[in-house]
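Can you build the whole structure from these sequences, using the hints too?
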Amino acid sequence: MPKYTMAGTHPTESPTEQRHRRSWFTGRLVAFCLASTAITVVAGLIQVSFGSYSMTIGQAWSAVVDPDILFDPAVWNAFLLGGDLPEMDNASLIVWNIRLPRVFVAALTGSTLGVSGAIFQAVTRNELASPYILGVSSGAGLAVLLTLVVFPSVTIVVPLFVGQFVFDTSSMLPLIAAAGGAIAFALVYAIAWKGGTSPVRLVLAGVIVGTVFQSLQTGVFFFADDLGVVQSAIAWTTGSLTGTDWEQVRLAILPATLAIVLALLGARQLNVLLLGERTAQSLGMRVERVRFLLSGVAILAASTAIAVAGIVGFVGLIVPHVVRNVVGGDYRRLMIGSIFAGPALMVVADVGARLALSPVQVPVGVVTGLIGGPYFLYLMRRQQQMGEI
Amino acid sequence: MAETDERAESDDTGPVREWLTDEDGTRIDSAIVGEDLDLRYPTSEECVVECARLDVPEGEVTALVGPNGSGKSTLLKSLSNHLEPESGTVRLHGEDVQSFDQAELARELGVLSQENESPGSLTVEDLAYHGRYPHRGFFESVGPADHTAVDDAIEMAGVDHLRDTELGQLSGGQKQLAWIAMVLAQDTDVLLLDEPTTFLDLHHQFRVLETVRQLNERENVTVAVVLHDIAQAARFADNLVAMCDGTLYDWGPPETVVTEQLLADVFGVEARVEYEPELQILPKRALSE
Numbered sequence: 000m001p002k003y004t005m006a007g008t009h010p011t012e013s014p015t016e017q018r019h020r021r022s023w024f025t026g027r028l029v030a031f032c033l034a035s036t037a038i039t040v041v042a043g044l045i046q047v048s049f050g051s052y053s054m055t056i057g058q059a060w061s062a063v064v065d066p067d068i069l070f071d072p073a074v075w076n077a078f079l080l081g082g083d084l085p086e087m088d089n090a091s092l093i094v095w096n097i098r099l100p101r102v103f104v105a106a107l108t109g110s111t112l113g114v115s116g117a118i119f120q121a122v123t124r125n126e127l128a129s130p131y132i133l134g135v136s137s138g139a140g141l142a143v144l145l146t147l148v149v150f151p152s153v154t155i156v157v158p159l160f161v162g163q164f165v166f167d168t169s170s171m172l173p174l175i176a177a178a179g180g181a182i183a184f185a186l187v188y189a190i191a192w193k194g195g196t197s198p199v200r201l202v203l204a205g206v207i208v209g210t211v212f213q214s215l216q217t218g219v220f221f222f223a224d225d226l227g228v229v230q231s232a233i234a235w236t237t238g239s240l241t242g243t244d245w246e247q248v249r250l251a252i253l254p255a256t257l258a259i260v261l262a263l264l265g266a267r268q269l270n271v272l273l274l275g276e277r278t279a280q281s282l283g284m285r286v287e288r289v290r291f292l293l294s295g296v297a298i299l300a301a302s303t304a305i306a307v308a309g310i311v312g313f314v315g316l317i318v319p320h321v322v323r324n325v326v327g328g329d330y331r332r333l334m335i336g337s338i339f340a341g342p343a344l345m346v347v348a349d350v351g352a353r354l355a356l357s358p359v360q361v362p363v364g365v366v367t368g369l370i371g372g373p374y375f376l377y378l379m380r381r382q383q384q385m386g387e388i
Numbered sequence: 000m001a002e003t004d005e006r007a008e009s010d011d012t013g014p015v016r017e018w019l020t021d022e023d024g025t026r027i028d029s030a031i032v033g034e035d036l037d038l039r040y041p042t043s044e045e046c047v048v049e050c051a052r053l054d055v056p057e058g059e060v061t062a063l064v065g066p067n068g069s070g071k072s073t074l075l076k077s078l079s080n081h082l083e084p085e086s087g088t089v090r091l092h093g094e095d096v097q098s099f100d101q102a103e104l105a106r107e108l109g110v111l112s113q114e115n116e117s118p119g120s121l122t123v124e125d126l127a128y129h130g131r132y133p134h135r136g137f138f139e140s141v142g143p144a145d146h147t148a149v150d151d152a153i154e155m156a157g158v159d160h161l162r163d164t165e166l167g168q169l170s171g172g173q174k175q176l177a178w179i180a181m182v183l184a185q186d187t188d189v190l191l192l193d194e195p196t197t198f199l200d201l202h203h204q205f206r207v208l209e210t211v212r213q214l215n216e217r218e219n220v221t222v223a224v225v226l227h228d229i230a231q232a233a234r235f236a237d238n239l240v241a242m243c244d245g246t247l248y249d250w251g252p253p254e255t256v257v258t259e260q261l262l263a264d265v266f267g268v269e270a271r272v273e274y275e276p277e278l279q280i281l282p283k284r285a286l287s288e
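Protein chains in written order, with numbering that gives the first Met the number 0: chain E, 0 to 388; chain D, 0 to 288.
Derived from the structure by calculation, the hints contain no laboratory data. Treat the hints loosely; a few may be bogus.
[Said to hold, decoys possible] 20 Å max Cα-Cα, derived SDA-like pairs, lysine to any residue:
| # | chain 1 | residue 1 | chain 2 | residue 2 |
| --- | --- | --- | --- | --- |
| 1 | D | Lys283 | D | Ala230 |
| 2 | D | Lys283 | D | Glu273 |
| 3 | D | Lys283 | D | Ala270 |
| 4 | D | Lys283 | D | Gly267 |
| 5 | E | Lys193 | D | His81 |
| 6 | D | Lys283 | D | Gln260 |
| 7 | E | Lys193 | E | Phe291 |
| 8 | E | Lys193 | E | Val206 |
| 9 | E | Lys193 | E | Arg285 |
| 10 | E | Lys193 | D | Glu83 |
| 11 | E | Lys193 | D | Asp264 |
| 12 | E | Lys193 | E | Arg277 |
| 13 | D | Lys283 | D | Arg271 |
| 14 | E | Lys193 | D | Thr42 |
| 15 | E | Lys193 | E | Gly275 |
| 16 | E | Lys193 | D | Glu44 |
| 17 | E | Lys193 | E | Ile175 |
| 18 | E | Lys193 | D | Pro41 |
| 19 | E | Lys193 | D | Ser43 |
| 20 | E | Lys193 | E | Val286 |
| 21 | D | Lys283 | D | Thr258 |
| 22 | D | Lys283 | D | Glu269 |
| 23 | E | Lys193 | E | Ile182 |
| 24 | E | Lys193 | D | Glu85 |
| 25 | D | Lys283 | D | Asp264 |
| 26 | E | Lys193 | D | Gln260 |
| 27 | D | Lys283 | D | Thr246 |
| 28 | E | Lys193 | D | Glu45 |
| 29 | E | Lys193 | E | Glu276 |
| 30 | D | Lys283 | D | Gln231 |
Below is the structure:
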């Protein structure tokens, strides 16, 4: 016996009167990405035009668009696969072999850090999360310091059938940094795990592990007896692009691409995670597994950036924030936006790091901190509530 | 009228019957059956709910009622496999819920939790599309079946005019209707709702309950719902499960379950219950503990 009467009849929607559906791919997103690209390109052109080797802006720009270089397979073979570089004049050599790769590394670093931050903010459902909140930065920093101070230039020789494979620890620094970050994250996850994890427990464990590792870092500094080692260590732990060239591009491009593709594929999962664990589970998501895998993608992205640029602060925190403010919280848009906005921030910051106090270069992490900190404070003052997404 | 006191029945020395029966001896098919449940939270050793048998009859609306802390929500969590019982089993259409693949379960069983995280910039329509999550593969994009299900859900929940509004702009009641639209879009045969009307104004309480009732009548969806208000539950549900201190106090149609004795024992209030012309509860005062 019906106690409630039915309100209205069931509507049947014929295919012809399908209502207009808003696509998630909005004009605002396109405009945002175009603007970010424009900023990146302009900053990149400034970066290649100035420096200790003086040339005119015209010389520099014509070197950038020189068709003899752009369309020479041998040149790209040298850049991307590490072959021998063909003859070219000095201006071209400076632009293409020294200044441009630095721009590319900055762009790759910005993209990966942005993506990594975006993922961590969704996984922990906390706007204040960043790639480094889960212990990655302190782990990587400690690993680098230990390598520089305790085992400086230990040479490891691995005998092979033909000859032997020789590497020393200083050339292994990027990988050591990434490994340190990944180990710290694994530690954080293990500590936070108690029949499952929760965003709050992850963040707390990250902060604790970070603090302990930071103390260890400070301790290790005391054992450094060489000023050069200390400077090198500081460059690593604050993030620096000084001296990067095509080797760094070659190192970063594959893992960065992989991480970005995986992050884009995971955008929908992140959207569901934002509804809360219980809802995500009710909707049929294996929450723990998805959270772990996506964290893995974020670690890969962050490690890639750490490996080539050291620990650049604030980018992973600020980029998703800016993007969210402009294109909204939908992760399909947020992820694409971050891929474009990250390079813009990073390349601009690196222009400042390299040229502002020329001839002295400051670590780019110092500049991102100087830009990011005040911007974050501005957001905090403007927004009513902050923290939860 | 159905056999009412299953709990007392199973406390006897005789074997626990496999099926509930009505007075003619025809069995009642249950969408969900919980048996010998011992529920406790991982953080404590204490048993929160103990229950020999719980039935959620197929195609009917069953309301779980009881005072605060009586274990209603905990029991519902175990039915939706959000809480693994210390011992005992929960079967959905005869199969152990734990044997289901997560997405498979989500296609059969819709769950709306008591409190939900509502991302402020998410639109009502986008939220409803999330209800299609278990129906879509990892690389699958939204198809016509998803569009239809979402349109129907939004229509039924009565939030069509709010389709493009962001959740951050909605009132509590509107937000709840948007969440209802999401579970409706999930298109399941069984629906579990944890206190969907708590904190809502009277208008939205009715809107939510009417939507659920409509869904039950139109699509024959089985519903189990935790309700705070016994008077509301008595008017709305086909069956009541009254809970007290983590055990089942009584089970059956509202007319038999709701008695002045129950209101005194379970809710601790002195009340008058009138059965004619329709079931009515007139609470008078709180009884001393």
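Comparing the hints with the structure gives:
no.	hint	result
1	D:Lys283 - D:Ala230	holds (13 Å)
2	D:Lys283 - D:Glu273	holds (13 Å)
3	D:Lys283 - D:Ala270	holds (5 Å)
4	D:Lys283 - D:Gly267	holds (11 Å)
5	E:Lys193 - D:His81	holds (16 Å)
6	D:Lys283 - D:Gln260	holds (14 Å)
7	E:Lys193 - E:Phe291	holds (14 Å)
8	E:Lys193 - E:Val206	holds (17 Å)
9	E:Lys193 - E:Arg285	holds (16 Å)
10	E:Lys193 - D:Glu83	holds (15 Å)
11	E:Lys193 - D:Asp264	violated (39 Å)
12	E:Lys193 - E:Arg277	holds (17 Å)
13	D:Lys283 - D:Arg271	holds (7 Å)
14	E:Lys193 - D:Thr42	holds (10 Å)
15	E:Lys193 - E:Gly275	holds (18 Å)
16	E:Lys193 - D:Glu44	holds (16 Å)
17	E:Lys193 - E:Ile175	violated (29 Å)
18	E:Lys193 - D:Pro41	holds (9 Å)
19	E:Lys193 - D:Ser43	holds (13 Å)
20	E:Lys193 - E:Val286	holds (14 Å)
21	D:Lys283 - D:Thr258	holds (14 Å)
22	D:Lys283 - D:Glu269	holds (6 Å)
23	E:Lys193 - E:Ile182	holds (19 Å)
24	E:Lys193 - D:Glu85	holds (17 Å)
25	D:Lys283 - D:Asp264	holds (15 Å)
26	E:Lys193 - D:Gln260	violated (44 Å)
27	D:Lys283 - D:Thr246	violated (26 Å)
28	E:Lys193 - D:Glu45	holds (18 Å)
29	E:Lys193 - E:Glu276	holds (15 Å)
30	D:Lys283 - D:Gln231	holds (17 Å)
Hint compliance for this structure: hints 11, 17, 26, 27 are broken, all remaining hints hold.
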